[in-house]
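Asks: Each chain, written out:
There are 2 protein chains.
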Amino acid sequence: MSFSPLINQLIESLRILPGVGKKSAQRMALQLLERNRQGALKLADALNLAMDKVGYCKLCHTLSEEELCPQCASPNRDDKLLCIVEGPLDVFAIEQTGYQGRYFVLKGHLSPLDGLGPEAIGIPELLKRIENAEFEEIILATNSTVEGEATAHYIAQLLAPKGLTVSRIAHGVPLGGELELVDGGTLSHALAGRRPI
Amino acid sequence: MSFSPLINQLIESLRILPGVGKKSAQRMALQLLERNRQGALKLADALNLAMDKVGYCKLCHTLSEEELCPQCASPNRDDKLLCIVEGPLDVFAIEQTGYQGRYFVLKGHLSPLDGLGPEAIGIPELLKRIENAEFEEIILATNSTVEGEATAHYIAQLLAPKGLTVSRIAHGVPLGGELELVDGGTLSHALAGRRPI
Ligand SMILES: [Zn+2]
Ligand SMILES: [Zn+2]
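If you're matching them up, the sequences are chains E and H in order. For the first sequence, position 87 (counting from the first letter as 1) is numbered 87 according to the UniProt record's numbering, and the numbering increases by one without interruption. For the second sequence, position 18 (counting from the first letter as 1) is numbered 18 according to the UniProt record's numbering, and the numbering increases by one without interruption.
Since the hints were derived computationally from the structure, they do not count as laboratory data. None of these values were measured; they are calculated from a predicted model. Hints should not be assumed to be uniformly reliable.
Just so you know, same-sequence chains aren't split out, so a pair can sit in one copy or run between any two.
To be verified - No more than 25 Å apart at the CA atoms, straight line, and that leaves these computed lysine-lysine pairs for BS3-like:
(1) Lys42 / Lys22
(2) Lys23 / Lys107
(3) Lys80 / Lys162
(4) Lys23 / Lys53
(5) Lys107 / Lys162
(6) Lys107 / Lys58
Using the sequences plus the hints, can you model the full thing?
Replies: In structure tokens form, the structure reads like this:
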């Protein structure tokens, strides 16, 4: 009871959003109805349009409604560098660093227990992409999780015979991170990867 | 850069949701595109339908697409009790307690600094509602904020001449609440409102 059927339906629909529980969905639904119907209608349009039109970039396989995403379409980027990530959000994160090479976006990481092998995550497309280009360095920027590491190692081994430089992003203490709050594994990496200053 | 235009538009649109910042909106947009396009389309439909059809209940003024909301339409509730709240979410909260009387939903609370006087929050409609019915008790369940208290007192004074019982929900220590974590004002109310057990 207590909400009318269309409001209940809206609350239920909002719960498909990641991180949105019952209480947040209620608050969202009522706030939209009471204060921002215009915004809600725009959101509905944006959802319809994106779900209908957005596919995958032909080259890097990130999400894009155009054949080539902004990063692949740009003529001003370094064609000798390829950065491999697990998903579109990682492209966004790495763009913030000022990186100016190209990307390849896997569909996540290898996960044999879930039946996700090399084909499922797009390794054949990655190899094709590398064969059809003239990269000099491949940067493995999968996550620093067990699965991300395993995926990076798998790709590194595949690429070993090709005479390319294959690198892995560094592990270490986050900037501004206090040593006492950093876990032991990260700290060992930070020590082992020490450099002269 | 980094996301294509339609994805950026979806991210921006998601940010109208209360509590959704830039990072959450990005995560939501990409998760919908990668894993739940069906759900996203359903959400768009639910938004369109609700924004188009949902208005206000003729009797209690809560949000409802039908002339009478579920609480006003039910023939099985106590017509002698009226509970006054600040918004539709409060109806939901009070329904959870098993309350079986009727409701009146204000449009928030009095807020003279924002230019919100009695007319703006629906006091004339409240008086009309009370005149056209035979309530015996009016429960003031506005929030325990300064504005909610002021609104409750204002209404109590308006209703004083009508010979009705007007009550205010009790203040006190929340169930399961530890005394040392409860603020002083609440604790004074809890002490002053003590009862024999
Ligand atoms: Zn691309
Ligand atoms: Zn009603």
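Asks: List in ascending order the numbers of the hints, as given earlier, that are violated by the structure.
Replies: none
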